[in-house]
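Undergrad: Chain by chain, the residues:
Number of protein chains: 2
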Amino acid sequence: MAKSNYSRKLAGVRALMKKKKIDALIVPSADPHLGEYVPDHWRIIRWLTGFSGSAATVVITQSFAGLWTDSRYFLQAENQLNNSGFQLVKLRVPHTPEHIEWLQAKVRKGGTVAVDGRLISAGNMRLLEAALLPGGVKLNIKADLITPLWQERPLMPDEKAFVLPVKFSGESRVDKIKRVREKMTEMHADSHLLTAVDDVMWLLNIRGKDLKYSPLLLSFAIVTSDQVLFFADEDKIPSSLKAELDKDGIVLLPYDTVSSVISHLEEGSTLLLSPSTTSAVLYRAVPKKVKIIEEVSIPTRFKAIKNRTEIKKLREVMIRDGVALTKFFYWLEKSIGRETITELSASARLEAFRQEQEEFAGPSFATIAAYNEHAALPHYVPDEGTDARLGKTGIFLLDSGGQYFGGTTDITRTIALGKPDRRRKSDFTLALKGTIDLAMVRFPYGTRGYQIEVLARKALWDNGLNYGHGTGHGVGSFLNVHEGPQTIGSAASGDMKTFLEPGMLISDEPAVYRQGEYGFRTENLFFCVDDRETDHGRFLKFETVTLCYIDRELVEVSLLDDRELKWLNEYHETVFSALSGCLDHDLVEWLRKKTLPIIRK
Amino acid sequence: MAKSNYSRKLAGVRALMKKKKIDALIVPSADPHLGEYVPDHWRIIRWLTGFSGSAATVVITQSFAGLWTDSRYFLQAENQLNNSGFQLVKLRVPHTPEHIEWLQAKVRKGGTVAVDGRLISAGNMRLLEAALLPGGVKLNIKADLITPLWQERPLMPDEKAFVLPVKFSGESRVDKIKRVREKMTEMHADSHLLTAVDDVMWLLNIRGKDLKYSPLLLSFAIVTSDQVLFFADEDKIPSSLKAELDKDGIVLLPYDTVSSVISHLEEGSTLLLSPSTTSAVLYRAVPKKVKIIEEVSIPTRFKAIKNRTEIKKLREVMIRDGVALTKFFYWLEKSIGRETITELSASARLEAFRQEQEEFAGPSFATIAAYNEHAALPHYVPDEGTDARLGKTGIFLLDSGGQYFGGTTDITRTIALGKPDRRRKSDFTLALKGTIDLAMVRFPYGTRGYQIEVLARKALWDNGLNYGHGTGHGVGSFLNVHEGPQTIGSAASGDMKTFLEPGMLISDEPAVYRQGEYGFRTENLFFCVDDRETDHGRFLKFETVTLCYIDRELVEVSLLDDRELKWLNEYHETVFSALSGCLDHDLVEWLRKKTLPIIRK
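Top line first, the protein sequences correspond to chains F and C.
So in this note's numbering, spot 128 of the first sequence is number 124, and the numbers just go up one at a time.
So in this note's numbering, spot 24 of the second sequence is number 20, and the numbers just go up one at a time.
In short, the hints are calculated from the structure, not lab data.
Possibly wrong hints are sitting among the right ones.
Which copy is meant is left open, so a pair is good if it fits within one copy or across any two.
Each computed BS3-like pair below joins lysine-lysine, with the alpha-carbon atoms no more than 30 Å apart [claimed, not checked]:
| no. | residue 1 | residue 2 |
| --- | --- | --- |
| 1 | K179 | K102 |
| 2 | K134 | K287 |
| 3 | K421 | K562 |
| 4 | K537 | K421 |
| 5 | K138 | K17 |
| 6 | K308 | K16 |
| 7 | K284 | K105 |
| 8 | K421 | K493 |
| 9 | K238 | K415 |
| 10 | K134 | K5 |
| 11 | K421 | K330 |
| 12 | K205 | K493 |
| 13 | K284 | K134 |
| 14 | K562 | K597 |
| 15 | K105 | K179 |
| 16 | K284 | K308 |
| 17 | K134 | K285 |
| 18 | K243 | K174 |
| 19 | K562 | K285 |
| 20 | K493 | K537 |
| 21 | K179 | K86 |
| 22 | K134 | K86 |
| 23 | K285 | K330 |
| 24 | K308 | K174 |
| 25 | K415 | K179 |
| 26 | K208 | K537 |
| 27 | K285 | K308 |
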């Protein structure tokens, strides 16, 4: 069997490992900002192994080469790794560093494990150290074996950044910096390192085009009591933005000098950083006599709570997004059976409808357009190999989102093509009850997301059903579609301290999956808002802001209680009145039917 | 003003502090096992300050003497500390070491803070060190200033221990030890230190009479692969028990040699201990070259899951406890208005009814018998100063429990004396919905208590109500009424890793409190049991085992949904059929009326 392209690359890595006396090399799927999306320049694993999934870890020794990934990618990885020299290692628990156990068992005393320390977090470095050092294994975090081997490596993106005006952000960068500094004082931090790119974007009211789904300019920042250092490629900063930054006293420095600046922090000072988004290399650059405070970054906490302008803008965006989705579903209903529609062509058509909308900047993530059994895979994204043609019957699940200057959207609707059977209606409605029950909860201030999540699952649990992912995530304001620190999840691993606060924008996406058959998910976004004050304290609630009809054909009304049915009918009334002014006559009439109140027989 | 008895003691302590160059002394309310109840010998704070509450911390300097306690004790502490020389410091968050902040702020560099290290946990010692050492303050954990001052100190209890036969425990000590050793091997622990007394009792099938509410013999144990060392006062071990222990290869050693044995653990070996129940002194006794594994103890995890015998025995106990309660409430209804009944006399009468029952060993905690506004205080216990006379109208809340050889009970019922008004019925029913909704949940294996707790609160939250304590705690088998590791709580501070497992016995006690007016709580115990297996995995549920009617007069049926009403009627049917065989004719007829199905109008 001829050596594949990937086998040759593996041989190259192994030769370098020998030369540098590295017994095991870890290759993470990350860039130096450790966020969800990475530019092509940093898609090392795709280049090295052929695997194109978004989350994986590769470990290479002279006798072994494995790729750890989670269940959503098992099939894909098996196909793509075929004949690559790499074998799939199945993660038992998604997003956990199970390769560390493997290393602990396989690398002998005196051996060296290496990793490019720009691409792992300080937190993960500590896990590695704790696992390896007691066994007499050394850890080298300065191993970049890829750069010498990767010819024709994609350059770093070079598109220009731009200003997000205060009419969208609602707060000037000067005011944001002032608030961050106040919080730093409270936390006794002399300087604050920002490594998560969306933190920097939020703070400086800048956006960029470096990533496919998030409007980010790859950059770092350091805030001190009297300075803001902004580390970015000067070529990507237009002169008008540069002038604004100058005026606001923000110092632009070359992107790759951040490590050197950190290494010169004043002795005896304190530095606030987040160990999950700060790379091992930057963490190590901090001088020994600087005290490190490890905490979720201040911008992460601040930007989770949307201001009045952001809230108002998102409400406008929701109308536009709802119009695009309504047009799409109308088109789908009218066209199915007349023209060939596939998962991919439907995704493209949806994007085209969004493109018609004002201030649309692109999709906020890869559209999940899933027909029948594909809908049973929560993270399915169609590609040319899997692209299914939509038939006259069946289930079509569509999870998509848009980046608009006024905000980021994320919505899932599942519709029936043709008449659904009892079982499908029942499954759909049980998951929908979850979406509604969570949306209706009223809770005291001080409640955390994990405390209320069961409301989204209870109807499913009562019927022996469940889903294997979280229920809700924060959403950025024209930033990342997945944003912390709040989550509505069952996992004990999240940030357990974060209260649900008024102004937070969160998704609500219970689901049910029938392996090999179909899946249902209804996802809305809601804001957390104040409800009322009583003798027993301050109470909060959610206000659903996503605007798109829910397929009445799939609703089994006997499974909804009176409050749930009322919620659904009122929601449909809201959708109709919000969108009908922006639609043509035919569409208005069509939407009227889709949003008619459901009457109990 | 004449110096009080307590002021004299304080002066004595201060003189000793001067002599020993101690700037601040911490006096905890604990014994060397760090459990919930302590024998009189260790009630140092009551002797020193006059404060008789169960939880407090005293801090003394030359210019300050303060007692930190939580809100349930504010009034009591203010009264009892009057003229004592000690001032009340109000805890903001119950059960937190807020005095550490105070020490951090007040004790100067070079100063010494001292504490009797037998009375604080290793975990709290670390908090103290982290707060004090960086500021140049020293920590002395060997300061016992009380023994020299406390004349006529109560002796340690001297009642004999006894065997809990396998017909109650369901598993021999030899089998339990074998299981513990298997788990130790899995955890790579060479020895396992048991400091929580109920852990030792469970492991060795021994009970004692050292504490008022828990059948415990104060003792420690160390389990190794080939030995079990049992540290207890030999005088308290009857010869028959001694013979059993000898036969099972368990070595009895003097109670106070545990520290010395620990200090001789083999170098290079590993020791498993729980940092929350191991005292600072014992922790420090571990040789430097012994590796410590800090985890919840193995017996704590094992004993939380009741075996078939324990489950069967508890079901029998529940009938007896239900009979006692039924007789009590019958007596109360017939006697009120005819004789003087107070909170204290009612408690005594209830205890007398329990005494009539087979294998009853005493109350499992101080009975909360609370009339009207007293019921608004979740932890109210009547004393001669507060004892209220029950009138012909009002609310009477009774939270009590019994220790039986076959198990431990904990039950709360609230009844209306006279006709309750709408608001009371509504409040009662909203809290009752919580008790029922939690009891009815069906959930996948792997669920933790904090994930489902909202079901107990949701009906209250929907109405702007809430309660300030947890919802459920584990309960021992003829052991402590509060037992870990599982809880059903909202707090992020508990053990977040513990799954709800079949065999766990847990309380279910939502409540509502109206300050100055009344309070309602309905508390049952349930077992976690298997429900079913589906395509989506293994599901569990709860089975309520407490047997006592719930006051129908307080139920506002329009607030119950059909499932809740069905649960309540079925529960009443179960109560009637379980208890009626053990009651006289009059009582049967009375109970029949109390448990009649509620029909929706």
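Undergrad: Now tell me if each hint is right for this structure.
TA: Against the structure, the hints come out as follows:
no. : hint        : in the structure
1   : K179 x K102 : between (46 Å within a copy, 25 Å between copies)
2   : K134 x K287 : both (25 Å within a copy, 21 Å between copies)
3   : K421 x K562 : both (19 Å within a copy, 27 Å between copies)
4   : K537 x K421 : both (28 Å within a copy, 26 Å between copies)
5   : K138 x K17  : within (13 Å within a copy, 51 Å between copies)
6   : K308 x K16  : neither (56 Å within a copy, 66 Å between copies)
7   : K284 x K105 : both (28 Å within a copy, 23 Å between copies)
8   : K421 x K493 : neither (38 Å within a copy, 36 Å between copies)
9   : K238 x K415 : neither (58 Å within a copy, 76 Å between copies)
10  : K134 x K5   : within (25 Å within a copy, 58 Å between copies)
11  : K421 x K330 : within (22 Å within a copy, 56 Å between copies)
12  : K205 x K493 : neither (33 Å within a copy, 41 Å between copies)
13  : K284 x K134 : both (20 Å within a copy, 24 Å between copies)
14  : K562 x K597 : both (14 Å within a copy, 24 Å between copies)
15  : K105 x K179 : between (46 Å within a copy, 27 Å between copies)
16  : K284 x K308 : neither (46 Å within a copy, 61 Å between copies)
17  : K134 x K285 : both (24 Å within a copy, 22 Å between copies)
18  : K243 x K174 : within (15 Å within a copy, 73 Å between copies)
19  : K562 x K285 : neither (61 Å within a copy, 66 Å between copies)
20  : K493 x K537 : both (19 Å within a copy, 28 Å between copies)
21  : K179 x K86  : between (43 Å within a copy, 27 Å between copies)
22  : K134 x K86  : within (26 Å within a copy, 51 Å between copies)
23  : K285 x K330 : neither (68 Å within a copy, 76 Å between copies)
24  : K308 x K174 : within (23 Å within a copy, 65 Å between copies)
25  : K415 x K179 : neither (56 Å within a copy, 55 Å between copies)
26  : K208 x K537 : neither (34 Å within a copy, 46 Å between copies)
27  : K285 x K308 : neither (46 Å within a copy, 62 Å between copies)
The structure is inconsistent with the numbered hints 6, 8, 9, 12, 16, 19, 23, 25, 26 and 27, although it conforms to all the rest.
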